[in-house]
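Protein chains in written order, with our numbering: chain A, 1 to 507; chain B, 1001 to 1616.
FYI, nobody ran anything at the bench for these hints, they're computed from the structure.
Computed footprint of chain B on chain A; a stretch qualifies when at least three of its residues, placed anywhere within it, have a C-beta under 8 Å from a C-beta of chain B: (1) 395-405; (2) 472-481.
Footprint (simulated), chain A over chain B, 3 or more residues, beta carbon under 8 Å: (3) 1077-1086; (4) 1178-1189; (5) 1192-1204; (6) 1554-1560.
Note that beta-carbon positions come from the ideal geometry of N, C-alpha and C, so glycine has one too.
What follows is each chain in one-letter form.
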Amino acid sequence: MLSTLIWFPIAGALAIGFLPSLPVQRTKLLALVVSGITLVWALWVTAQFDFTNPALQFQENLPWLDALGLDYQLGIDGLSLPLLVLGNFLTWIAIYSSSETTDRPRLFYPLVLFASGAVTGAFLAQNLLLFFLFYEIELVPFYLLISVWGGEKRSYAAIKFLLYTALSGALILIAFLGLVWLTGATHFGYDTLVGQTLPMGTQIILLGLLLVGFGIKIPLVPLHTWLPDTYVAASTPVAMLLGGVLAKLGTYGIFRFGLGLFPEAWANLAPALATWGTVSVLYGAIVAIAQKDIKRMVAYSSIGHMGYVLLGGAAMTSLSLVGSVSQMVAHGLILALLFHLVGVVETKVGTRELDVLNGLMNPIRGLPLISALLVLGSMASAGIPGLVGFVAEFLIFQGSYAVFPLQTLLCVVGTGLTAVYFVILLNRTCFGKLDNAIAYFPKVEWRDRVPALILMALIVFLGVQPNWLVHWSESTATHLIAAISTAGDPLVATTAVPPQSPPTISH
Amino acid sequence: MVAQFLAQSFWLVPIYPLIGVSFSLLWSPGMIRRTGPRPAGYVNLLMTFFSLLHGLIAFPAVWQQPANYIEIPWLQVAGLDLTLSLEISALTVGATTLITGLNFLAQIYAIGYLEMDWGWSRFFSLLALFEAGMCALVICNSLFFSYILLEILTLGTYLLIGFWLNQSLVVTGARDAFLTKRVGDLFLLMGVLALYPLAGTWNFNELAAWAATAEVSPTVMTLIGLALIAGPMGKCAQFPLHLWLDEAMEGPIPSTILRNSVVVAVGAWVLVKLEPVLALSSVLLNVIIAVGAATAIGGTLISIAQIDVKRSLSYLVSAYMGLIFIAVGTQQLEAALLLILTHAVSQGLLIMGTGSIILNNITQDLTQLGGLWGRRPISGLSYLVGLAGLIALPPLGGFWALLKLADGVWVSHPWVVAILLLVNTLAAFSTVREFGLIFAGSPKQMTVRSPENFWLITLPMTVLVGVNLHLPLILQSLSLLPSWATLNKDMALLLFWSSVAGCSIGAIVYVGQSIPKPIQLPWKKIQEFFAYDLYTPNLYRSSIVFSIDWLSRLTDWFDRYIVDGVVNLVGVAFLVGGETLKYGNSGQGQFYVLTIALGLAAMTIWMSWSFITHLF
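Please take these sequences and the hints and turn them into a complete structure.
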């Protein structure tokens, strides 16, 4: 059941790659179908998923290399399910939004599908080595996607991305190997390693390796400098995948392997982690204010928004953890939307420079719909209520406030700074006077509108009706926190007093 | 029966305008081109009419009844229960009626005012968004959802002020309004977050019950309270967050009618609702009084120094909101609510009257206007009624509201009465000054030809004149006026004479023609100090804006050259290392192939080891 999610897109990728050459549209259609079927399969898995059960579901276990302790173990729970669906959904959206004139389509679409399959594999793997394999394999297609189809400075960006993430992989591998050897285990299965009882010092060192390793992927300041270059150099669909899906591997990894395997060390480091997250939030937002390139601005906004996830994780209340998982999904949707819109603006207007763009809201000559969506997308990112970003951030804030009040309040300041740079972005791009002399933009196609409309609909829907978002991860998060607090850790704060429901006088 | 039913389904009131929004999207540019954008306006007008009607019919069913609460579950997750609680009472129904009524008139006015505009769909959707947001806010019984609605209104303000988006002043005005309000909102969010662990609820009525018995440290409550009042301060354009309202005057006049009358008052409404919590700290109450008093006095003084029709009125809005802050700070909640009502109807009328002048005289510069009384009697009379309704001039609304406040604070805070009298005098002077500059004297170049506008402008204006004139009767029928026996006659006389003083000095200086205009004070510095809004824009530019700009540039530099610089340095070091190492390679192809083949073979054997061992 779960294997299909990994191997179907990869099989599709091989098929597209080795089938006789088709026109670009056909190749794209084929890729869409493959990714669509995978998405439907993921949704079907979701429909079968028992949301009240915190344990791993649909487990698959095939012995592979006993000598290495590497088995083909898959499973899914409330932490990975939302990310899995998000990843497959964004892959579909990214393929849909890709240009009809993509060069070498028989390589491009297979690579996207291959990357999607590998990332899915990483989300599903319940064996540390298997996770590592998927985590590394996914680098290859992404490296090629950046270096072949990227913009200017693509080879620099691609190499930087590759080196950074390879280092990330190496650190993670060291941590995994260290964990297995030091505990004396012979197997890399996640279930055999949970509940290890290493000395605290060792735990902290191993956790530190993991944090830096995954911190590169998220990325956390100061491990982030690959991100702006890479996101800016990548083409729009690839940027959507990088920001929407790949970055989530980092936060997922931190929660699954950092918090999951080293809860006590995590609790010890929690104040530092919360501060680290806060620094990321503020740093990303402040640097974003100074950017002159809208894509770069969005890239820095991504750094800021991932910091909230770490804060929520560090607070270790079930509410903040649910908030963090929701924030991963919300951020994925919003970032994909923003990258898509920025991409449309770039292709139509021909520039990403803030100082050149102006007045795109103009209803006749400008890009009114794209501008309107850009306004909403930016506001979603800035955490305006009614849109999905607010719900996630609010849950994190509410869940973390009791534990880390100062860091939480500083993160609230961070959302204020987010509003600052998005207002700069909107005032320069959408508002202002459009120069009629240059305003002969190419027509906006449905291909440009549909992905944005779908993403926007989801952002609004989940913002108004967040139950659909938060309940995916609720039981897993509660269980994870309960497992830690039974260890008797003083840092685990309870959530706030549940409110008594007021008397209903009406009717 | 119908009234009962409508009272129970009162949650529909904020839904009507949203239906209007979804319809008007159809007439946005690019969707339906053949009809033009006008149907968007008509649909929204109709929807507002429904909300108004709903409120009017439902009112008898809730009058003198205990409040009904409707609970709508929104989100239950991990121990946090967010249930939207709606309060249906005479107060909330009355407040929605005020909002929908004013929006109804403003929309008729807009149909006339924006006749030649292409952005109807956007404009009317935003007005409807405001109506929906404000109606939801007044019936909402939860601080958390109030915060949500205030934030959505902040976004609405940004878009509505930015309506004429190709003018640069509009764009900066929209930006400043959004950021100022957002700062207030985020402080409010901090207060919201911090209050929950203490009180365990966000519902206003439960918060009040909690506050009645709560034992919390006054320091903590002061800090939380300061965060909580920042939101209303931003919304109500109080010092030092008042700058945006002035810049918001770049927006279209029909939206100003709504903004200056009721939108700014949503902050005051939340403040009134929060009063029991705020009262836990006496320091905080004094802060609220101080903020209100500073804004009330400062606002009226700045208003007198303005030469822009709309800006002069906008500072009066800040000033009156300041009076409401004083009322909340002195715990005179009924006076605060009454003041919200009387200010809304009179301020709306003042804007309508001056807007009617601005529309066909093409200027809003007071120095270019004059001599319009003979040509524009209806606008002039409307302005006068609005003026009389705003200040404490019996028997109109403003008098009763200010009397209630003055009467209430006389025992506890006698010096507040002095502030009230001063502000009332200054406000009277300021409004009469504006009247004199527009209507008195001889016509100038811009005012030679100036007929009354057509009915779409004049009708809503005259209707609002009627509302203003009848407001005392309405108040009396709702038993909101004191009886003759309980009337504090000394206070009434004081207020009356302060208004008369302000009006007469204003009239002597500005309606009489003996003093040459423009008036120059002997102290030029002071005049400029008020004319330029106490130099607040410069202050902000040189402090907050400057420091954030500087910080962001510095961090960006740090990011580019230090953080990324180290990375690139490491990269370069490896490149140099690689360049050196490559000389160790033989360059013979066979050697590479051999290495690869051996490695592959070793790996294959090892990976299939278990399989091989099974063979033997």
